[in-house]
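Protein chains: 2
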Amino acid sequence: MTRKELIEQIYKKQSFLCVGLDPVMEKIPSHLMTFEDPIFEFNKRIIDATAEYAVAFKPNTAFYEAQGVKGWATLEKTINYIPKDCFVIADAKRGDIGNTSTAYAKTFFETLPCDAVTVAPYMGKDSVQPFLQFEGKWAIVLGLTSNEGASDFQYHTNLEDEPLFAKVIETVKSWGTTENLMFVVGATRAEQLAQIRKIVPHHFLLVPGVGAQGGSLEEVFNAGATKECGLLVNASRAIIYAGTGNEFEISAKKEALNIQSEMALYLQRLMR
Amino acid sequence: MTRKELIEQIYKKQSFLCVGLDPVMEKIPSHLMTFEDPIFEFNKRIIDATAEYAVAFKPNTAFYEAQGVKGWATLEKTINYIPKDCFVIADAKRGDIGNTSTAYAKTFFETLPCDAVTVAPYMGKDSVQPFLQFEGKWAIVLGLTSNEGASDFQYHTNLEDEPLFAKVIETVKSWGTTENLMFVVGATRAEQLAQIRKIVPHHFLLVPGVGAQGGSLEEVFNAGATKECGLLVNASRAIIYAGTGNEFEISAKKEALNIQSEMALYLQRLMR
Chain A
13 MTRKELIEQI
23 YKKQSFLCVG
33 LDPVMEKIPS
43 HLMTFEDPIF
53 EFNKRIIDAT
63 AEYAVAFKPN
73 TAFYEAQGVK
83 GWATLEKTIN
93 YIPKDCFVIA
103 DAKRGDIGNT
113 STAYAKTFFE
123 TLPCDAVTVA
133 PYMGKDSVQP
143 FLQFEGKWAI
153 VLGLTSNEGA
163 SDFQYHTNLE
173 DEPLFAKVIE
183 TVKSWGTTEN
193 LMFVVGATRA
203 EQLAQIRKIV
213 PHHFLLVPGV
223 GAQGGSLEEV
233 FNAGATKECG
243 LLVNASRAII
253 YAGTGNEFEI
263 SAKKEALNIQ
273 SEMALYLQRL
283 MR
Chain B
13 MTRKELIEQI
23 YKKQSFLCVG
33 LDPVMEKIPS
43 HLMTFEDPIF
53 EFNKRIIDAT
63 AEYAVAFKPN
73 TAFYEAQGVK
83 GWATLEKTIN
93 YIPKDCFVIA
103 DAKRGDIGNT
113 STAYAKTFFE
123 TLPCDAVTVA
133 PYMGKDSVQP
143 FLQFEGKWAI
153 VLGLTSNEGA
163 SDFQYHTNLE
173 DEPLFAKVIE
183 TVKSWGTTEN
193 LMFVVGATRA
203 EQLAQIRKIV
213 PHHFLLVPGV
223 GAQGGSLEEV
233 FNAGATKECG
243 LLVNASRAII
253 YAGTGNEFEI
263 SAKKEALNIQ
273 SEMALYLQRL
283 MR
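Taken in sequence, the protein lines are chains A and B.
With the first sequence counted from 1, adding 12 to any position gets you my numbering.
With the second sequence counted from 1, adding 12 to any position gets you my numbering.
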C-alpha cells in the first residue's frame with residue numbers, strides 16, 4: 013500500500029488505529045477450542061469485528077512461531093484474511109546482514125502479502141536497506157520503544173548530546189523516503205514524540221503502547237500528528253481481550269469503535 | 013546443553029567449529045531438486061558430512077521463513093536431524109517486549125529443541141531476560157557484528173568513551189551468567205576481540221565472519237580464546253557451498269576437516 017492510499021484510508025475511516033493480533037492459546041475463548049485452528053478463528057472474528065474502525069492490522073510473529081509449523085500456517089491464513097483496504101504490518105523485529113535481511117524481506121513482502129515489517133536497527137545500513145527495495149512496501153524501524161528496557165541502550169548518548177534513538181532515526185531516514193520508511197515510537201514517552209517530530213517531520217510513526225501498556229491518545233496526537241496525520245496508533249490486548257466468552261468480538265468491536273471515535277475528533281482538528 | 017558439556021565436546025572433537033545452515037534454493041544441487049524437500053535433503057547431507065568436525069550447527073531462520081509454512085517445516089526437520097551431541101543455535105536475531113520475547117524463547121527452546129538463540133539487544137533488559145529463564149538454554153546477544161553496517165550504531169560512543177557495543181556487552185553480562193549467555197563478536201574485527209575479552213573474560217563468544225565474510229582464524233583464536241577455549245567460530249557459505257554438483261558433500265566435508273585441523277592445532281596450545 014502506498015503512502016497516498018494509506019492516508020486516504022485514514023480519512024475515509026476517520027481512524028489511525030492499528031489492531032495488534034497477538035493471540036495466546038490460554039486466552040482463546042473456550043467455544044473456539046473445538047475448531048481445527050482456534051487462533052485463526054479468534055483472529056477472523058476480531059478482524060471482522062474491527063476492520064471497519066481500523067486502518068491497519070499488526071500480527072506479531074512471535075505468537076505464531078511459538079506454535080511451530082501450525083502457527084506459521086495460522087499466520088499465513090490470518091494475513092490473507094485481512095481485507096485488502098487495510099495496511100498489514102508483520103511485527104517481526106527482524107534485521108541481519110544483507111543477504112539474510114533480503115530473505116526476511118522476501119518472507120514478508122513476497123511469500124506473505126504484508127505491507128510493512130518492523131525492523132531492529134542494531135546491525136546498521138545493510139541490515140535495513142533490503143527492506144526498502146520493494147515497491148509499495150515499508151520498513152518500520154525501531155526508534156524509541158515503549159518498554160522499560162528502552163532506557164538500557166536507546167538513551168546511550170554521544171558527545172554531541174545525541175541519544176542513540178535520535179541518532180538511529182536521524183541516520184536511518186537518509187536510507188529511505190517517507191514512502192517506504194516509518195519509525196516505531198513508544199507512546200509511553202509522549203514528551204519525546206515532539207523531539208522526534210523535529211527529526212522526521214513527515215514520516216509516519218507507528219506508536220505502540222496505547223491501552224494495556226499505558227499512554228494517552230490525545231497526548232500522542234498533540235505531540236506527534238502531522239498535517240496528513242502521520243500516525244498509526246496500535247492497541248493489541250486492549251482490543252483483542254476487551255471481552256471474554258461467547259461474545260468477545262462484541263467487546264472488541266466496542267473498544268475499537270471507542271478508540272476510533274476519539275481518533276475522529278482529533279482528525280477533524282487537522283481538517284479545520 | 014550445559015557449558016560443561018559444550019567444553020567436553022570441544023575437547024573431544026578438537027574443534028570449535030559451528031556450521032551455518034543458510035541454504036538458498038538457487039544453490040541446491042540439481043540432483044536434489046526431485047526430492048519433496050530439497051533444502052532438507054541438502055541440510056541432511058551437510059550435517060552427515062560435517063558433524064564429526066563441528067561442535068555446533070546454526071540454521072539461520074530467514075532462509076527457512078522465506079519459503080513460508082513449508083520452510084518452517086524444513087527448519088523443524090533440520091533441527092531435529094542434528095545429532096544430540098551438537099550444540100544447536102537458532103540464528104534468529106529476535107528481541108521484543110517481555111511477553112513477546114517469552115513467546116520467541118518458547119519457540120526455540122520448547123517447540124524446537126535448540127540450545128541457543130541469537131538475540132538483538134536494542135530493546136534492553138526485558139527483551140533479553142526471557143531467553144535466560146530456561147535451564148541449559150542460552151541467549152547469544154549481538155555485541156559487535158561482522159557486517160559493514162556495524163559501524164553505523166555499534167560505535168556510537170558516550171561521554172565515558174564507551175562505544176555502544178561495549179556498553180551492551182558490559183550491561184547484558186549482568187543479566188545472565190557464563191552458563192546461559194554468550195555474545196556475537198564479528199571476526200572481521202579481531203582487534204576488538206581483545207578489548208571485548210577484558211569485559212567478558214569467561215563468556216563464550218560466537219564469531220561469525222570467518223571464511224566467506226573474511227577474517228583469520230588464528231587471529232581470532234589469539235585474541236579471543238580463554239583457557240576453556242570460549243569460542244564458537246562459524247563458517248556458513250565457505251562450507252555448505254564448498255562444492256557443487258553430485259559430490260557437494262565431499263567438498264563440504266573436506267572444508268570442515270580443514271578448519272577443524274587448524275582448530276586442533278590451536279586447541280593444543282591451550283593444553284600445554
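Take the hints with a grain of salt, since some may be wrong.
Simulated crosslink set (BS3-like; lysine-lysine; CA at most 27 Å straight-line) [what the hints assert, rightly or not]:
| id | chain 1 | residue 1 | chain 2 | residue 2 |
| --- | --- | --- | --- | --- |
| 1 | B | Lys39 | B | Lys185 |
| 2 | B | Lys266 | A | Lys82 |
| 3 | B | Lys96 | A | Lys82 |
| 4 | B | Lys82 | A | Lys25 |
A partial selection of chain B residues facing chain A, derived with a Cβ cut-off under 8 Å [unchecked claim]:
| id | residue |
| --- | --- |
| 5 | Met37 |
| 6 | Ile40 |
| 7 | Ser42 |
| 8 | Ala132 |
| 9 | Glu160 |
| 10 | Asn234 |
Covered, in the sense of this in silico footprint (three residues per stretch, anywhere, with C-beta under 8 Å from a C-beta of chain A), are these stretches of chain B [unchecked claim]:
| id | stretch |
| --- | --- |
| 11 | 161 to 173 |
| 12 | 179 to 189 |
| 13 | 262 to 271 |
Since the hints were derived computationally from the structure, they do not count as laboratory data.
All residues carry an ideal CB built from backbone N, CA and C; glycine is no exception.
Hints and how they fare:
Annotation: proposed proximity of Lys39(B) to Lys185(B) is violated, straight-line Cα distance about 39 Å (limit 27 Å). Simply put, Lys266(B) and Lys82(A) have alpha-carbon atoms about 38 Å apart, too far for the 27 Å limit, and the pair is violated. With a CA separation close to 25 Å, the supplied pair Lys96(B) and Lys82(A) stays within the 27 Å bound. Under the criterion of a C-alpha separation no larger than 27 Å, the hint pairing Lys82(B) with Lys25(A) is inconsistent with the structure, at around 37 Å.
The restraint placing Met37(B) at the interface with chain A is violated, with a minimum CB-CB distance near 11 Å, outside the 8 Å limit. Against a cut-off of 8 Å between C-beta atoms, the interface hint on Ile40(B) is violated, since the closest Cβ of chain A lies about 15 Å away. The criterion of a C-beta within 8 Å of any C-beta in chain A is not met by Ser42(B), whose closest approach is roughly 21 Å, and the hint is violated. A hinted interface residue such as Ala132(B) counts as satisfied when its beta carbon comes closer than 8 Å to some beta carbon of chain A; here the least separation is about 5 Å, so the hint holds.
The criterion of a C-beta within 8 Å of any C-beta in chain A is met by Glu160(B), whose closest approach is roughly 5 Å, and the hint holds. A least Cβ separation of about 25 Å between Asn234(B) and chain A goes past the 8 Å threshold, and the interface hint is therefore violated. Given as covered by chain A, the stretch 161 to 173 of chain B passes the check, having 10 residues with a CB less than 8 Å from a CB of that chain where 3 are the minimum. Chain A is given as covering the stretch 179 to 189 of chain B, and this holds because 3 residues of the stretch bring a CB closer than 8 Å to a CB of that chain, at least three being needed.
For the stretch 262 to 271 of chain B, the assignment as covered by chain A is violated, since 0 residues bring a beta-carbon within under 8 Å of that chain's beta-carbons and 3 are needed.
This entry does not satisfy hints 1, 2, 4, 5, 6, 7, 10, 13, going by the numbered hints stated previously.
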